[in-house]
Amino acid sequence: MFKKILCVILAAGMMSCGSGGSSQVVSTDSTATSNAEEVTENPVTELKPTFKFVVIKTVEDGEPATRLDVEANGKTLKGNEVSVPLSDGPYPSGAASAVPKDAIASCSGFWGGLQLEFYLLKQGDDFVLYEAAQDESTEAPVITEIKRYKAADFQ
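Okay, so the sequence shown: first residue is 85 according to this note's numbering, each after it adds one.
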């Protein structure tokens, strides 16, 4: 009996001391998780949609046509067709841009007296596409919400 107790004590001592100084704590509480498991990246925060231009007709074909798609996580969502050629960024003419500084992506184009700027803003878990349109007869661009994308749309 004494030998059994001594073996149990020695075995417990060796397990608690371990070899190499590392120890492992096992929890029987099913709600307990490690900090590493609790800290996860928010996919909405990391999502950075960009614009993709699909040229349908060029200036040489007459009136240009471009489809403005939105792309993120390797998934492309088809957008609206516009009658201007588009390029990345706000309109480069030196005119005041309607694109806010916190825009995630922006693009612009000009054709036949119409200047268009498109930009994406993050609002909560949504990404909102806006159009700022200004022609020669208006003093300030008219800003319109075009479409709302959910983060799940890009999954």
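You may find that some hints are simply not true.
[Unchecked claim] Each computed DSS-like pair below joins lysine-lysine, with the alpha-carbon atoms no more than 25 Å apart:
1) Lys132 <-> Lys234
2) Lys141 <-> Lys234
3) Lys162 <-> Lys136
4) Lys234 <-> Lys159
5) Lys206 <-> Lys132
6) Lys206 <-> Lys141
7) Lys231 <-> Lys185
8) Lys185 <-> Lys141
To be clear, the hints were calculated from the coordinates, so they are not data collected in a lab.
A quick look at each hint next to the structure:
1. Lys132 <-> Lys234: Distance ~12 Å between Lys132 and Lys234 Cα, so the pair holds.
2. Lys141 <-> Lys234: Measuring from Cα to Cα gives roughly 30 Å; hence the hint is violated.
3. Lys162 <-> Lys136: Roughly 9 Å separates the two Cα atoms, so the pair holds.
4. Lys234 <-> Lys159: 13 Å, holds
5. Lys206 <-> Lys132: 10 Å, holds
6. Lys206 <-> Lys141: Distance of about 31 Å is beyond 25 Å: violated.
7. Lys231 <-> Lys185: Judged against 25 Å, a Cα distance of about 20 Å means the pair holds.
8. Lys185 <-> Lys141: 31 Å, violated
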